[in-house]
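For the sequence shown, my numbering gives the first residue as 23, with consecutive numbering after it.
Everything labelled a hint here was simulated from the structure, so no lab data went into it.
Backbone N, C-alpha and C define an ideal beta-carbon position, used for all residues, glycine too.
Take the hints with a grain of salt, since some may be wrong.
Below, in silico cross-link-like pairs of lysine to aspartate or glutamate (EDC-like), each with a Cα-Cα straight-line distance of 16 Å or less [stated by the list, open to error]: (1) Lys-109 with Asp-78; (2) Lys-142 with Asp-129; (3) Lys-122 with Asp-78.
Label-pair ranges, simulated between beta-carbon atoms [said to hold, decoys possible]: (4) Lys-100 with Phe-68: 28 to 34 Å; (5) Leu-133 with Cys-101: 31 to 37 Å; (6) Leu-144 with Ile-54: 30 to 36 Å; (7) Ser-99 with Gly-123: 22 to 28 Å; (8) Asp-58 with Asp-78: 18 to 24 Å; (9) Ser-140 with Ser-98: 18 to 24 Å; (10) Asp-58 with Thr-143: 17 to 23 Å; (11) Ile-54 with Gly-121: 18 to 24 Å; (12) Gly-79 with Glu-139: 16 to 22 Å; (13) Thr-62 with Ser-140: 28 to 34 Å.
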Amino acid sequence: PIPCVPWQSQTSGQYQRRVLGSYDNTVKLWNIGSGDCSRTLKGHRFDLLACAFTPDGLSVISGSVDHTLKLWNIDSSKCLLTLKGHKQSVTTCAATCDGKGIVSGSDDKTLRFWDIESHKTLA
């Protein structure tokens, strides 16, 4: 099963892609034109409930039942950053328009604003 499918798609080069979070603890990037899975990102310990592209299209953010957010480099498939602070499942996430921050929401009834450079919450 696939719990999160952001309606935003990302155009990069000659193809469009969509990011999907899955109950198998992975993030998958799909090439819309070909229908192929171009990347599988592994690192969360539990199901994914949220995922989004960064504004530059070079990274993906994912949120999980494991209470964490991860920032992934699409080209290398590597996790660049793990953010911890929520007390329950992360249910939504988005990058700020300038790409310098992440906003996340959780079942713990909090919204958090994260600074990517310092890895800390701003509020």
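Here's how the hints hold up against the structure:
1. Lys-109 with Asp-78: Not satisfied, since the Cα-Cα distance of roughly 29 Å exceeds 16 Å.
2. Lys-142 with Asp-129: 20 Å, violated
3. Lys-122 with Asp-78: 11 Å, holds
4. Lys-100 with Phe-68: 28 to 34 Å: The hinted range 28 to 34 Å is violated for Lys-100 and Phe-68, with Cβ atoms some 20 Å apart.
5. Leu-133 with Cys-101: 31 to 37 Å: 23 Å, violated
6. Leu-144 with Ile-54: 30 to 36 Å: Cβ of Leu-144 to Cβ of Ile-54: about 34 Å, so the range 30 to 36 Å holds.
7. Ser-99 with Gly-123: 22 to 28 Å: Hint holds: Cβ distance 23 Å, inside 22 to 28 Å.
8. Asp-58 with Asp-78: 18 to 24 Å: Holds, at about 23 Å.
9. Ser-140 with Ser-98: 18 to 24 Å: At roughly 22 Å between Cβ atoms, Ser-98 and Ser-140 fall inside 18 to 24 Å, so the hint holds.
10. Asp-58 with Thr-143: 17 to 23 Å: 37 Å, violated
11. Ile-54 with Gly-121: 18 to 24 Å: 23 Å, holds
12. Gly-79 with Glu-139: 16 to 22 Å: Holds, at about 19 Å.
13. Thr-62 with Ser-140: 28 to 34 Å: 29 Å, holds
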